[in-house]
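Chemist: Spelled out, the chains give:
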Amino acid sequence: MKFLKFLFVGIFFGIILVKSEAVSWYRIFEMFKFQSFHMFGIIGSAVFLGILFLWIFRRFKVKSIEGNEIHLAPKDKSFARYIIGGTIFGLGWALAGACPGPMYILLGTGVSSMLLVIAAATLGTFVYGVLKNKLPH
Amino acid sequence: MEVILKPWPWYVSGPLIALVMAILVFFGKTFGMSSNLRTLCSIGGAGKYADFFRFDWKAQKWNLTVVLGAIIGGFIAVQFLSDGSAIDLNPETIADLNTLGFQNAGATLLPAEIYHWDSIMTFKGFSILVLAGFLVGFGTRYAGGCTSGHAITGLSNLQLPSLIAVIGFFIGGLLMTHFLLPLIF
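Protein sequence lines, in the order shown, are assigned to chains A and B. The opening position of the first sequence corresponds to residue 1 in my numbering, with each subsequent residue numbered one higher. The opening position of the second sequence corresponds to residue 138 in my numbering, with each subsequent residue numbered one higher.
No lab work stands behind these hints: they were computed from the structure. Treat the hints with caution; some may be incorrect.
Here are the simulated DSBU-like cross-link-like pairs (lysine-lysine), alpha carbons at most 35 angstroms apart as the crow flies [what the hints assert, rightly or not]:
| no. | chain 1 | residue 1 | chain 2 | residue 2 |
| --- | --- | --- | --- | --- |
| 1 | A | K134 | B | K198 |
| 2 | B | K261 | A | K134 |
| 3 | B | K261 | B | K185 |
| 4 | B | K198 | A | K61 |
Stretch by stretch, here's where chain A covers chain B in the computed footprint (C-beta under 8 angstroms, at least three residues) [as the list claims (entries may be wrong)]:
| no. | region |
| --- | --- |
| 5 | 158–165 |
| 6 | 261–269 |
Cβ-Cβ distance ranges computed for the label pairs, FRET-style [claimed, not checked]:
| no. | chain 1 | residue 1 | chain 2 | residue 2 | range |
| --- | --- | --- | --- | --- | --- |
| 7 | A | V130 | B | K195 | 21 to 27 angstroms |
| 8 | B | G165 | A | F34 | 37 to 43 angstroms |
| 9 | A | P74 | B | I180 | 27 to 33 angstroms |
| 10 | A | F34 | B | Y148 | 18 to 24 angstroms |
This structure is a prediction, so every number in the text was calculated from the model and none was measured. Beta carbons: idealized from backbone N, C-alpha and C, even for Gly.
Construct all of the structure, not just a fragment, from the sequences and the given hints.
Modeler: Rendered as structure tokens:
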């Protein structure tokens, strides 16, 4: 039963991303062409409100439902891995028109070919894991 | 009800995405979709090949549950919460896509030119999707997160590494959209 709440969060997330059209290849193309404010508005308002939410959690020392203090682990300090990894991700994002969240969601909308993309993404993650120690981080 | 069936504007969707992030944080977790790809590798036995996959994947079952929910959410959204409106793209975008050979831009969520099985059953079409997925899966783990982990959670948490990663996302995305897509299509 403790997983039920995560199932509902996922359903909610899936619905939002379809209804916002953020799962659309065309919207990603349009974003990278700077021809619409739509995607920038979505990401921008999400970050703006996200900052506010996390600030409230911190300011009022809100505890998670597990009773622990809310703490988001800071990301490791580095430059190379973020700029190189990020660029590789961006190349794939603009080609597939979908990042990992939308890949699963689009599968649910009935796009069976997304299984191929998810399989390839899993393979990409596997190859990264194998090469990890040889790559600049 | 009609308002729900129409596409949702950015100022509704963006805040709701922030709410998803906040709920997961409140549940003692984080918002990160690409981590599930690593979990899938571990379940598939990738731990035999790299330490990176030797972790307690069972602790990630909650996130796989979010994925399952997201798949169901996608189904619900198109089956019950959509009126079939076309995507209201900028006419310039539609014209640019026509030049690249994309017909009916915005009529569906994804272009048939990339995602229809007829396109995938060619060597070129198959390679495009495999390459795209591979780059996403490799890049996201290299960068330590994707749009949900870096662009939404990391930026909300004012993490400089996430800003660098998001700048990377845009470098890659702009290169693909402006220089590589015209070569590919």
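Chemist: Run every hint past the structure and note whether it holds.
Modeler: Consistency of the hints with the structure:
1. At roughly 30 angstroms between alpha-carbon atoms, K134/A and K198/B fall within 35 angstroms of each other, so this suggested pair holds.
2. Our distance criterion of 35 angstroms between C-alpha atoms is met by K261/B and K134/A, whose separation comes to about 30 angstroms.
3. Distance hint between K261/B and K185/B is fulfilled; the C-alpha atoms sit about 33 angstroms from each other, no more than 35 angstroms.
4. For the hint pairing K198/B with K61/A, the CA-to-CA distance comes to about 27 angstroms; that is within 35 angstroms, so the pair holds.
5. Residues of the region 158–165 of chain B with a Cβ under 8 angstroms from some Cβ of chain A number 8, which satisfies the need for three, so the listed coverage holds.
6. Check on the region 261–269 of chain B: 6 of its residues sit with their Cβ under 8 angstroms from a Cβ of chain A, so the three-residue criterion for coverage holds.
7. In this structure the hint that V130/A and K195/B lie 21 to 27 angstroms apart at CB holds, the actual value being about 22 angstroms.
8. For G165/B paired with F34/A, a C-beta distance near 38 angstroms keeps the hint of 37 to 43 angstroms intact.
9. For P74/A paired with I180/B, a C-beta distance near 28 angstroms keeps the hint of 27 to 33 angstroms intact.
10. The given range of 18 to 24 angstroms is respected by F34/A and Y148/B, whose C-beta atoms sit roughly 19 angstroms from each other.
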